[in-house]
Amino acid sequence: MNSRVGYVAFNTFREAVRDRVLYNLIAFVLLLSGAAILVGEVSIDIERLVVVNLGLTAVSLFGVVIAILIGIGLVSKEIDKRTLYTVLSRPVRRWEFVVGKFFGLTGTLVVNTFFMALGVLLALLYVAHKFEKMDAWVLVALYFIVLQFLIVCALALFFSSFSTPLMSAVFTFALFVIGSLSDDLRGFARITHGTAGGLATAIAYLVPNFSALNVINQVAHGDAVPGRLILYNTIYGLLYSAMAISGAVLIFQRRDLK
Amino acid sequence: MAAIEILDLEKSYLVGFWRKRPKLALRPLRLTIEQGEVFGFLGPNGAGKTTTLKLLMGLVYPTAGTARILGMAMDDAAVKTQIGFLPEQPYFYDHLTARELLNYYGQLSGIPAKGRAVRVEQMLARVGLNDSAGMPLRKFSKGMLQRVGLAQAILHDPKLVFLDEPMSGLDPMGRREVRDLIQQLRSEGKTVFFSTHILSDAEALCDRVGVIHQGELRGVGAVAELTSEKRGKIEIVFYAQRVPASLTSLGAEARVSGDMVNAVLPEEQQDAAIDILRRERLRLISLTPVRSSLEEYYIQKLRPTEDTTTQLPGGQVRKEENRKGVGV
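Chains as they are written, first to last, in this note's numbering: chain G, 454 to 711; chain F, 625 to 952.
None of these hints come from the bench; they were simulated from the model. Computed from a predicted structure; not experimentally measured. Ideal Cβ placement from N, Cα and C applies to all residues, glycine included. Among the hints, a few may not be true.
Covered by chain G, according to a simulated footprint, are these stretches of chain F (three or more residues, beta-carbon under 8 Å) [as the list claims (entries may be wrong)]:
no.: 1; stretch: 679-686
no.: 2; stretch: 696-707
no.: 3; stretch: 712-719
no.: 4; stretch: 726-735
Simulated crosslink set (PhoX-like; lysine-lysine; CA at most 25 Å straight-line) [to be verified]:
no.: 5; chain 1: F; residue 1: K644; chain 2: G; residue 2: K711
no.: 6; chain 1: G; residue 1: K711; chain 2: F; residue 2: K766
no.: 7; chain 1: G; residue 1: K711; chain 2: G; residue 2: K534
Construct the complete structure from the given sequences, taking the supplied hints into account.
Take a look at the structure:
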């Protein structure tokens, strides 16, 4: 990695980790895991299913909220507070700044997810008393959640490279919701014809396919995740993020920092 | 080689929601700053000072024109290793300490890891922040943040330092410290380009000043020449309770304050005025020629363009005054 990208990434990570909002969100997830245990105890025979489902959904949702909240502010906050001016008046190229910010934020989310996942696994251990072989798929589900975060971060950065923080949050969250329903959208596209069909197909393939990255229900039932899906999802997540970041760089490169 | 050579740099922004129309922020600007010079860029708020600095820093892109900094094109990445920049009212990362921030900027500036820590400590000492170097920046006062800003601007020992309103929001002590620092930079042979609307600072620090208003450079002049220009009048201060009528008849504009009289009159009436004081047995305190102040120059330049053009001494036109050493 380019050293300046690394410096920006590390600084972004350090700033985010020291931000107390992040700790509050983690504490909230831990509370939710506690709630999962409670629900698990009252759900006879399906404790594991409930804990995995609730826990991983909480990790996903809170991670997305963190990704959006921090992601949309990464660039605009630096412009508003003029910190960006002192960075870009040094031998730092704009693309290095954007890519560094992206890596810093994803690093933060990976560390965050690690602690949230720890909470879920502890909750699982509490209700099931021991780990089973099928619990390894929970780790795959967590990996897919991290891939979702990569895409959400990249989208938040993309939107914040040309729009206000509020609008960026709205756009990113809207895409997350639409992307989570992309399976239904594709199904709708298949049964629709004409212009509407074409439009639905275009949207279905344009929005990020978060449905494919969501295997929470599957692993909660103890079902295996095919190796091919892991490979495809990895390639998809990385490519989609790279495209969104490239878009962010292209826009940011031309932007006047007023 | 000039430190800064601005060649018809121009900037307009598109404003409006639906029907975008261009709004001129900076009219074509032509200006040369020599190396080792302390140049003050004066103008009221919204005059175009910050826009000029942002253009030179590559933060906004010019609509037309270009600039050369230290002999290199302004968009040459190598320029950035030799310049330092302090934005107006700087604000830094809340959760970093001053030491961490300077270390981060040192990394970005390409200061080798080996000497970086030493350099950071030197800069902290130079701006008087050794004791608070480990404190998060969110706990810093405005004045302390300004000092951090100055430290980061000179951290990598740049040849050219751009300061945007460096005295803004500082108390008298803070302003004095910034002035001292600029003077130190001058003695080290650095070129300093700073924007301000505080004229006394510019008068005390600058070799030359440029006045910008409504995005247009209205004039450039050497401070020493501007403030030494005689206006054909003298000021006499003497002890008296009232103004002698004979002095008034010489065309003096006088005012009494306490037991002193302050009278301004044409230079050619100097001998006659002294004769009157002798005759009236009044005690003279001082007699000084009235000189132009930077403030007068500034106010003159802020007047509508037609006025300023006609008032230029020597019949020079404004295009000529933008060059070094002329146009006072």
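In rising order, the numbers of the hints this structure does not comply with:
none
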